[in-house]
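Q: Chain R is fixed; fit chain V onto it per the hints.
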Amino acid sequence: MVHNRLPVLRAERGLSRKALADAVGVNYQTIGYLERGDFNPSLELALKLSAYFDLPIEMLFSLKPFTPLSQMANDKGDT
Amino acid sequence: MSIFYRGRSGKTQSRSPAMMKLATSIALLAYPLGCFIQLAFPDTTEASDIQFGEVFGFLLVVTSLFAFATFAASSFQRIVGDETDKLDEFEMDLRRKAQAFSYQVFASLTLIGIIYLGVASDLFDSDRLTLWHPQTYEHWNALFWGAALYAFVLPTAYLAWTMPAAPEDE
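Residue numbers (this note's numbering), protein chains in the order written: chain R, 40 to 118; chain V, 87 to 256.
Just chain R, same shape as in the assembly (with noise of 0.2 Å):
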């Protein structure tokens, strides 16, 4: 399975399912199957929402589950 941060990134940015859909090319609901996992993306889309983003891919999909980014700051705070 494929991990991703849409839902976050997308929260983050206050985009609505259909705006970031409408973005790269896709149906709004296929935005909803790939934030839950239903669905992996191909490398093409992959790409597309990592440039949409101005994000590493590997910052949006992953083959392991995300740290939460809140324990993630909490860490960088501590040291």
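Among the hints, erroneous ones may be present.
[As the list claims (entries may be wrong)] Only part of the chain V face toward chain R is listed, based on derived beta-carbon distances under 8 Å:
hint, residue
1, E169
2, A252
3, E256
Worth flagging that the hints you see were computed from the coordinates, not collected in a lab.
Quantities reported herein were computed from a predicted structural model and do not represent experimental measurements.
Glycine included, every Cβ here is placed at the ideal spot set by N, Cα and C.
A: Coordinates of chain V only, in the frame set by chain R:
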């Protein structure tokens, strides 16, 4: 192979998975059952006979076609029947899975049918056993439309039973 009816508004009709499961099951089951009943209770020339079997069989066939009409313009049918350039990669992935499943079922049914016809023609005019086989135009016509109906409905039925629930609207 499938067909999709795009309405004048261009929008697809929303159908719940439960409704799709019911409609596709009715479409797939009512047609062969209706044909079988019509075959088992053939029309007679006696004017006094009430053709319950004939009428009931015909009603089942109509019910099957009506069930197909209820989802011919649905979002499920769009995935299996719309032009490929109007689908995104998730929908294309679903279509491929639905078509692969339908091919397996359709090919199996066709092989079983051919084996049956082979046995039936082998036994034709024998005094051991007589198996029914299509002889008239009506028989072949019913088989043709049945095959067409299955080709159109099987991929949609697969989606209705396996597609993950739609994400909740925001």
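Q: Give a verdict on every hint.
A: Checked hints:
The beta carbon of V:E169 comes no nearer than 14 Å to any beta carbon in chain R, farther than 8 Å, and the hint placing it at the interface is violated. For V:A252, the suggested interface contact is upheld, since its CB lies about 6 Å from the closest CB of chain R, less than 8 Å. Interface hint status for V:E256: upheld, as the beta-carbon distance to the closest one in chain R is roughly 6 Å, under 8 Å.
Against the hints set out earlier in the document, a violation occurs for number 1 only.
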